[in-house]
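Engineer: So the protein sequences, as listed, match chains E and U. Counting in this note's numbering, the first sequence runs from 41 upward without gaps. Counting in this note's numbering, the second sequence runs from 127 upward without gaps.
Calculated directly from the structure, the hints in this document are not laboratory data. All values derive from a computational prediction rather than experimental measurement. Every residue gets a Cβ at the ideal spot worked out from N, C-alpha and C, and that includes glycine. Heads up, a few of these hints could be off.
Claimed, not checked - Dumping the calculated PhoX-like pairs for lysine-lysine here, alpha-carbon to alpha-carbon at most 25 Å:
hint : chain 1 : residue 1 : chain 2 : residue 2
1    : E       : Lys46     : U       : Lys285
2    : U       : Lys248    : E       : Lys371
3    : E       : Lys567    : U       : Lys266
Said to hold, decoys possible - If you want a taste of the chain U side facing chain E, the calculated C-beta under 8 Å gives, among others:
hint : residue
4    : Lys162
5    : Ser187
6    : Leu207
7    : Ile228
Stated by the list, open to error - Calculated from the model, a selection of chain U residues having no Cβ within reach of chain E, i.e. all distances over 10 Å:
hint : residue
8    : Asp190
9    : Lys254
10   : Leu262
11   : Tyr279
12   : Glu289
13   : Pro296
14   : Lys298
15   : Ile304
16   : Ala314
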Amino acid sequence: MKLIKKIISGNEAIAIGAYKGNATFASGYPGTPSSEILDFFKSFKGVTAQWAQNEKAGFEAALGASIAGARSFATMKHVGLNVAADPLMTSAYTGINGGFVVVCADDPGMHSSQNEQDNRYYARFAKIPLIEPSDSFEAVGFMQYAFIVSEQFDLPVLFRNTTRISHSLAVVKYDSRTLDNEKELKLDKNFQKYVMIPGNAVRKHKELLKKFEDLKQFSNETPINRIEKGSSNVGIIANGISYAYAKEIMPKAHFFKVGFSYPMPTEKIREFAKNLDKVIVIEELEPYMEEELKIAGLNIYGKKYFPQDGEFNLDIVEEGLQKAGFIEDKKSSVVFDSIELPGRPPALCPGCPHRPIFDILHSHKNIFITGDIGCYTLGSLPPLSAMHTTVCMGASLSMGVGASKIENKEKIVSVIGDSTFFHTGIQPLIDAYVNKANMTIIILDNRITAMTGGQPDASSGFNLNNETFEPINVAKLAKAVGIERVFEVDQYDYKSTKEILDREIETPGLSVIVALRPCVLAPKKIKDTPLVVTDKCIGCKRCLRIACPSIDFKNNLAVIDETTCTGCEVCKNVCPVEGAIVVKEGK
Amino acid sequence: MNIESVLFVGVGGDGIITVSNVVSEACMLAGLDVKKSEIHGMSQRGGSVSASVRFGEKVYSPTDKLGSVQYMMATEKIEALRWIQYLNKNSVVVVNDRIVPIINQIIDEDNIDLLVNKIDTKILIKRKFIDDAVKLGNEKVTNTIMLGVLSKYIPVENKFFMEAIDIIVPDKIKQINIEAFNLGMELAKEL
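If we strip away everything but chain E, and leave its shape as in the complex, we get (with noise of 0.2 Å):
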């Protein structure tokens, strides 16, 4: 059997221990840091990844694969979880069939996300195994036993990375084999065990109580629960990267590795930590491991030396260690003193179709913008500043239902791309019909997932397998739900835009504006003929106000970046002074 050697990240590598490990079926609904791990998975043969609309829709249609006699996993990130929690919860009531796995990416750090919640505390919630990687190498290797400890207890397993693992790359070896069903899997009809029926459920509960205690035993056995001796006499208890730190910085000290970390190998842990001077336990955010230590009676700190928000490195875990007494104080490592320097945030792209819309918005003074997850989040900020709440997905439409019935003078109006709206965009449209709300909503189908690296949804036309559909037409969807005023708009047709947005805001009742413009990155790079400014520029700075990334200033003038721009042509719309902006000629 050829061995394969390669450099890959930690999506990939779940998505070969998934391979690896059977798996026939996965859905999901993407999210960063999770989001390539469909596409990984979709490349094997003989396997079926497919997008769901939203994480519970996803996590439902992985348990019914299960049930139907397959090795499954749905993929989502960690606030994706909250949208999953519901059937989760249940599941671990009901078990599973074929080996079934959660995996679900926290984003410490919030790289790109909301908020920075740990979701470890869902395994202790729900009561169900968790398992943590803490580098690619580790990942293929538990993904394929998350499958074997899934069937072993009738549990659905959570697999719980983070971004720095997600999107971190490691050299990993490893066959084409894949591991045999130790039974052999066909469907399941059995009423007893998936009908979550009081009756039913009354008994499940109480042998999920049973399943706990040997899930307590078989964590403190489990090879992932791992000691490694060293030289010195203290120990550190980690998880995940925080090992990886740890181990780089003090590689002599003793560690206790843990890979399955609900229930927490407490006995395990008592018998490492008896003849050590000093032990700590390090993790990011929550004192999850912590918690459970101090529940066992192990009078073991964390938190004391490590902070309980962010991301952590190796400068922050050498500092923790240092609080800790584990390492001496040392001079800092730092030569150069830090420069002051502006920012650089992300930036709708030159060409982004969102632009137009926000430029039209903040003319507006009167109106409240409640805004949702994806690109168009960055229209929040200034100098677009259209946006005034981001809570989570598909909260645009129902936060704007609820806020157009307090009175005040301000019309509300909002925002939601094509995806979010599917995700969660749905219900609240049919609130907002149902309950007369006085609001404007405006989607903006872009025909892609855009912010996270262009996934297609119901309104692409095409699914993660490339198969072709009808794409859902969203204006007839809300012609369909009861909506009158309905309307479509180009958004490179400046004008036009504009009519339509401030009449419909100017109108009491309910309406839907639907942006048609696609993306102009996905599913392919779109880009026309550049605009150049003439010397009729009068340096107004009217341009500069819709933050394109390919208008400068430089001179008192606005200068474009004609390798950039694209040609929409919203500068040139917004422009007071006929001629100052004009189309590249000769191209």
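Given the structure of chain E, go ahead and fit chain U onto it with the hints provided.
Structural biologist: Same frame as chain E, now just chain U:
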């Protein structure tokens, strides 16, 4: 062998991920342990981007410690300055002489250039590498030229870089990337 590290910094869209993949592949081909970190997500919308390749006999952490980076490749000058605390006196810095504007900011370009010139590391190479790339016929190989320059200092044999380019770069632009890497190595002799 201690852990060494190449830090790549620039702006979303600069091709940081690809060039750092070439280096991590080369290190693996040379038989070293390698870890690489990169951050996706918001960074692809024109924000600051960084990637770090750490290599040695055994590497645990995918990210760097302040003051510990031996090699930095910066595709833009402001970004080079942003990461200065990761450098030390022995670092080698190769920086593209270029400033990418920041929305809503007026940048004092002369001051930025002055600050870059003052980076007090063992080796600082600042050059308009994009001009070299245009001469070669494709401005998109700027990073590969810079990597060719930096490769002089990285303790990995050139043949592994060549092999890595062969594996990572798509066929259509492979030849010009090999030429770009060679040009970089030639430039390194003069600089």
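Engineer: Against the structure, test the hints numbered earlier, and report the numbers of the ones violated in rising order.
Structural biologist: 8
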